[in-house]
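Listed here are the chains, written in short residue letters.
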Amino acid sequence: MARGLVLLLSLLFVSCGAEPTTLNVIAGSEVRDLEPIFQDMKRDIGVELKVTYSGTLDGVERIRGGEDFDAAWFSHAKYLKLVASQRVLQEERIMLSPVVLGVKRSTVDRLGWRGKSVTWGDIADAAASGKLRYAMTNPSASNSGFTALMGVNAALGADSARLKGFFRGQVLTAGSSGWLSDAFVRDQATLDGMINYESVLLSLGRDKKLKEPLELLYPKEGIVTADYPLTLLSAAKREVYQKVVDYLKSDKVQTRIMNETLRRPATTDVALSSAFPKALLVELAFPQTAAEVSTILGRYLSDQRRAAHSVFVLDVSGSMDGERIASLKKALRGLAGEDSSLTGTYSKFQKREQVTTITFSERVSQPETLLVTGEAERKQFRDTVDALELGNGTAIYDGLEAAYAYLAKTVPAEPDRTHSVVLMTDGENNAGDDFSAFEAKYNALPAAAKNVKLFPILFGEGNTDEMNKLAALTGGRVFDGRKSLEAAFKEIRGYQ
Amino acid sequence: MNRLIAPVLSLILILGVGYLIFTSVGQQLGGPVKLRGAIGSEKAEFFKDPELQSILRGKGFEVEAVTVGSRSMATTFDLTGFDFAFPAGSPAAEKLRRDKKVSTSFDVFFSPMVIATWKSVSAILKANGVSSDKGKYDELNVAAFLELVKAQKRWSDLKGNAEYDVSKPVLISTTDVRSSNSAAMFLALMSYVLNGNNVVQDATQATKITPAVAPLFRQQGYQEASSAGPFEDYLLIGIGKSPMVFIYESQFLERVVKKSLRPEMRLMYPSPTVFTKHILVPLTPNGTKLGELLTNDPAIQKIAAKYGFRPNNPDIFNTTVTQYGLPIKTNLVNVIDPPNFETLENMIRSLETK
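Residue numbers (my numbering), protein chains in the order written: chain W, 1 to 496; chain R, 1001 to 1354.
Hint data in this document are derived by calculation from the structure and do not stem from the laboratory.
There could be a bad hint or two in this list.
[Unchecked claim] Going by beta-carbon spacing under 7 angstroms, a handful of chain R positions derived as facing chain W:
1) VAL1166
2) SER1167
3) TYR1222
4) LEU1235
5) ILE1237
6) GLY1240
7) LYS1241
8) SER1260
[Said to hold, decoys possible] Mimicking EDC-like on lysine to aspartate or glutamate, the simulated pairs with C-alpha atoms at most 20 angstroms apart in a straight line are:
9) R:LYS1048 / W:ASP269
10) W:LYS278 / R:GLU1163
11) W:LYS220 / R:GLU1064
12) R:LYS1159 / W:GLU221
13) R:LYS1258 / W:ASP269
14) W:LYS249 / R:ASP1157
15) R:LYS1048 / W:GLU239
16) R:LYS1306 / W:ASP269
17) R:LYS1259 / W:ASP269
18) R:LYS1259 / W:ASP251
19) W:LYS220 / R:ASP1157
20) W:LYS243 / R:GLU1062
21) W:LYS243 / R:ASP1049
22) R:LYS1034 / W:GLU239
23) W:LYS220 / R:GLU1163
24) W:LYS278 / R:ASP1165
25) W:LYS208 / W:ASP33
26) R:LYS1153 / W:GLU221
27) R:LYS1048 / W:ASP251
28) W:LYS116 / R:ASP1165
29) W:LYS116 / R:GLU1062
30) W:LYS278 / R:GLU1264
31) R:LYS1048 / W:ASP246
32) W:LYS243 / R:GLU1064
33) W:LYS243 / R:GLU1045
34) R:LYS1258 / W:ASP251
Idealized CB from N, CA, C, for every residue including glycine.
Here chain R stands alone, though its shape is the one from the complex:
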């Protein structure tokens, strides 16, 4: 018995040790280092891009991207074993940086927040003086829209609604504000307008507007935790579920590039609007290397533009816009700042108790 097993064991040992040597040499020779990162779901398709993966492999990286709600990433999600976190939104990144004591982070690209809507819905909003046609896109007057919500209007109450005579309340769908950045940006925007076009600075101001803000979320009912959820509803289930959805501009543009939008879909910019920065927070030295690469490599930034993100270099983005005929608003002037992390956090908490 032993005579048979001993040689087998030695063989296995040799193979095993050989494998270990092979892999470690492989890494020194430039075989890919596996990186694991937590990313907001809006960047999932970007990380799956074969061209990006091949550039990263060329630089010695293989990235496993796990999608997590950006705000969960900064609060409840366990990042042990992760090389980087790549949330959407400066508030989440700010908190991560502080909690993980990270000094350098990377502003990789940014996106204005927009609304994905439909031509028939757009026509109703125009007929009711809430939005205006800017050619390739619409512009939503946020203050006027909030008046409709305040008056508890339903789509069936509005003028010219023959094509969308639905008894649902007039609302913009968002993700769950507790876990996702895009909903937090929605809150930032709505609170700014309700606060007389001023960024909410303190608890007194926040308390005053909470009664007007709460129904914007509460009436939606159950909300998905990450931004892919409501946009997927828009794409899959359509106008019946999602007449208006608050998303990143990139989510819409990515689909324009892929020509996968239906002709009746329409892009709408809120006025004012708010930007989301996509900030990579490294948690290991390899994470730092990846951050540098994503921010500075023009080829990677070009790929990002194809997924609708606005890189820091506007020339790269403009080339993509021309190439694919993206229906974007170029002169984004009326842009507000989100409140700081604590104020935003307090507002979200006060909504939960409403």
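Just chain W, same shape as in the assembly:
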């Protein structure tokens, strides 16, 4: 009876034209800084944004796959429209931020760039000769890196050697623009600059997080501007969508977005504040087809980026038996080329990459390293994964010590590779060294090995507290594999 009443009431509301008051949005993590504005919007116009945060290609893949979102909100919708144009019903740009290069004051002087109008070509030359070491996100995982990659390709043309030189300078990478910025702050002593949104670079200065300020360069050939279009995907939500757009584009909210997030307003009615450099924003062309985009991304990953050396430290203790080891094997086989989804294609082991596997139970295996040249090694890796056998005990820290001891030897011999360690364990350490013993040994490592970041995955009964401590110790990041181990491994690929 009560259910009938609810039904009748809701029917009545629908017939009275009462509007749904939520908008389900899939968004890039970049817009997280607007959450205070979302709160006020709920109060002011009674519309609540339910936001699901997601990476670039991952988001596009979910929308294309027909997942039920009312709207999408990434830093640009160009790629979405290239691959899933039929899902885009309407779009309205909400704010602007060009992707530019911030360079330390002393580096600008050292490179003789002061007062000069610097080109992407100059930047490529400095990076190729090792004089410019910068941070930039992974283009297949994050929009700022994606946008920068498209821009640099437009500026330097299809000159692969030049692009390779440019990316030799990309010594810090990440799967998210926000995390990259935090990592830059942590590692600022060893870096010269960062490619990121103008808003992120300006915020670092405003929040006084840097020992040495970054000067923003708007290279002469041009840049690509992120325009954050709120994109309608569900025809039924058109009215709510319009209300949200009108609210966000009101002069009051545009002014607030400008002042709080340091993004440029998307209306000519709000004047640009003095926080923004008076730069000529020459806009570079963005690729016209999805095929061009995937060629550019593919070349970056397989030929142009710094080759990765990825170390996987894997738990093969008895508790992994059954479904757990099965899902680990599936995730690893996915990285080894078996995942044919869009994100799977870009997160698989790439040509030139070195993949090292160390397994541990109570005993630790010898590191096994493969140099990927193509499908043959991916197949070999899948076979190794299939042959994994379980033991007893869980010697997590012995496993990590083996990984870092290995890196202490290999990193100095491979100055042009990007190194990282992934730790996957499902339980408490119960054999060998403990956390503090590992910490002491890690601190005693030579700098080259110490700089290698560790990315622990939360899984099973893994010790969350210790995983967080490991990430903090090494400058890495914890990933949650409890919902999907496969998704966690793929996300980590953005950081390798």
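Position chain R relative to chain W; hints supplied.
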């Protein structure tokens, strides 16, 4: 339990039925009828005008306008539940009329196609003999401009470019020709000049000029689907993104009326030029009523003129031009016709494969 719920239910029923009666009586008494229409984005501001909305309400209409690329409207967009389609351009309207079997449509107003540019860019073009100063506006020699494009000139290659020494190719930004009318009009214009000042009539002529037309679009890279996109880039991001943008005259004039243009912005008429008719295609009887109203009501036509559209009655437009000092070209003589829908369609398809 039931004793409590029954009276509540009856009350709800009474309220519900009462509401239905109230609304239907309200409509008979002249309460607004809700109309939903698909419009080209260049008319979005016009439909948002409070004065227009109040006139429409006075006539019993409330219009919800959904912006859609004009060519998408005629091809891929689902018009179920819409009372009218109001695309830009006769080719799109022609196709809609045919597909929806609509006999009467309404030529509500029209706009010549123009180029929004900048004083510094205008000076470079003049120095290179491609455009001429006509006082309040410039005139672009399309044939001479096409020579620059053919020679793959960049702004940094041109004479007198100190103020815009940018290594981007000399190009006019347009929307995506597959979805938007303004880009299709650009194609109509460029193909006319490349075809020796003749409207392209058939596939043979089209094939011959495709190699010269293709780079005009391809070099732009990614293009937005509707005409508001590139013009918004012009307004917001400025000269660095958009030295020259192909738009409707109305888009520029609307901003002159609102005094929201920067002093360095400049209007340029291509020579020859091409007109875009804004044609309302009704899909329901209410849509027909709205079409009649928009076309014939002088007060509405006057509002349209304030948004830069040229109404069919030139007196209305001239009054607005004088009132706001609009920098327009009055004697538009060198006006070409767009190719018919099929020819245009074929040209667009051949560009896609290039």
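Cross-check of the supplied hints:
A cut of 7 angstroms between beta carbons decides the hint on VAL1166 (chain R): the least distance to chain W is about 5 angstroms, and the hint holds. The interface hint given for SER1167 (chain R) holds, since its Cβ lies 5 angstroms from the closest Cβ of chain W, which is under the 7 angstroms cut-off. The beta carbon of TYR1222 (chain R) is positioned within 7 angstroms of a beta carbon in chain W (closest approach about 4 angstroms), and the interface hint is therefore held. With a cut of 7 angstroms, the hint placing LEU1235 (chain R) at the interface with chain W holds, because the nearest CB-to-CB distance is about 5 angstroms.
Contact between ILE1237 (chain R) and chain W, as hinted, is supported at the beta carbon level, the nearest pair being about 5 angstroms apart and thus within 7 angstroms. With 7 angstroms as the threshold, the beta carbon of GLY1240 (chain R) comes within range of chain W, its nearest partner Cβ sitting at about 4 angstroms, so the hint holds. Proximity of LYS1241 (chain R) to chain W holds as hinted, the smallest CB-CB distance being about 3 angstroms (cut-off 7 angstroms). Interface hint at SER1260 (chain R): satisfied, since its Cβ lies 6 angstroms from the closest Cβ of chain W, which is below the 7 angstroms cut-off.
In summary, the hint linking LYS1048 (chain R) to ASP269 (chain W) is supported, as the alpha carbons are separated by about 17 angstroms, within the 20 angstroms threshold. Between the alpha carbons of LYS278 (chain W) and GLU1163 (chain R) the distance comes to roughly 15 angstroms, so the proposed pair stays at or under 20 angstroms and holds. A threshold of 20 angstroms between alpha carbons decides the hint, and for LYS220 (chain W) with GLU1064 (chain R) the separation of about 44 angstroms lies outside it, so the pair is violated. Under the criterion of a C-alpha separation no larger than 20 angstroms, the hint pairing LYS1159 (chain R) with GLU221 (chain W) is consistent with the structure, at around 19 angstroms.
In summary, the hint linking LYS1258 (chain R) to ASP269 (chain W) is supported, as the alpha carbons are separated by about 11 angstroms, within the 20 angstroms threshold. Annotation: proposed proximity of LYS249 (chain W) to ASP1157 (chain R) is violated, straight-line Cα distance about 39 angstroms (limit 20 angstroms). Between LYS1048 (chain R) and GLU239 (chain W), the direct Cα distance comes to roughly 14 angstroms. Compliance with the 20 angstroms bound is thereby established for this hinted pair. Distance hint between LYS1306 (chain R) and ASP269 (chain W) is fulfilled; the C-alpha atoms sit about 19 angstroms from each other, no more than 20 angstroms.
For the hint pairing LYS1259 (chain R) with ASP269 (chain W), the CA-to-CA distance comes to about 11 angstroms; that is within 20 angstroms, so the pair holds. Proximity of LYS1259 (chain R) to ASP251 (chain W) is assessed by CA-CA distance (about 17 angstroms); at most 20 angstroms being required, the pair is judged to hold. With a CA separation close to 15 angstroms, the supplied pair LYS220 (chain W) and ASP1157 (chain R) stays within the 20 angstroms bound. Note on LYS243 (chain W) and GLU1062 (chain R): the hinted pairing holds, with a Cα-Cα distance of about 17 angstroms set against a maximum of 20 angstroms.
For the given pair, LYS243 (chain W) sits about 17 angstroms from ASP1049 (chain R) by alpha-carbon distance, which is consistent with the 20 angstroms threshold. Taken as a hint, the LYS1034 (chain R) and GLU239 (chain W) pair is honoured in the structure, with Cα atoms around 14 angstroms apart against an allowance of 20 angstroms. Our distance criterion of 20 angstroms between C-alpha atoms is met by LYS220 (chain W) and GLU1163 (chain R), whose separation comes to about 13 angstroms. Our distance criterion of 20 angstroms between C-alpha atoms is met by LYS278 (chain W) and ASP1165 (chain R), whose separation comes to about 17 angstroms.
Distance restraint check for LYS208 (chain W) and ASP33 (chain W): the Cα-Cα separation of roughly 18 angstroms lies within the 20 angstroms cut-off, and the hinted pair is therefore satisfied. Under the criterion of a C-alpha separation no larger than 20 angstroms, the hint pairing LYS1153 (chain R) with GLU221 (chain W) is consistent with the structure, at around 15 angstroms. Of the pairs offered as hints, the one joining LYS1048 (chain R) and ASP251 (chain W) holds, with about 17 angstroms between alpha carbons and a cut-off of 20 angstroms not exceeded. Straight-line distance between C-alpha atoms of LYS116 (chain W) and ASP1165 (chain R) comes to about 14 angstroms, which keeps the hinted pair within the 20 angstroms bound.
The straight-line distance between the Cα atoms of LYS116 (chain W) and GLU1062 (chain R) is roughly 57 angstroms, outside the 20 angstroms bound, and the hint therefore fails. Among the hinted pairs, LYS278 (chain W) with GLU1264 (chain R) is consistent with the structure: their alpha-carbon atoms are about 16 angstroms apart, no more than 20 angstroms. A hinted pair counts as satisfied when its Cα atoms are at most 20 angstroms apart, and LYS1048 (chain R) with ASP246 (chain W) qualifies at roughly 12 angstroms. Simply put, LYS243 (chain W) and GLU1064 (chain R) have alpha-carbon atoms about 13 angstroms apart, close enough for the 20 angstroms limit, and the pair holds.
Pair hint LYS243 (chain W) plus GLU1045 (chain R) holds up; C-alpha atoms about 16 angstroms apart against a cutoff of 20 angstroms. A distance of roughly 16 angstroms separates the Cα atoms of LYS1258 (chain R) and ASP251 (chain W); the hinted pair therefore holds under the 20 angstroms criterion.
Checked against the numbered hints given earlier, the structure breaks hints 11, 14, 29 and satisfies all the rest.
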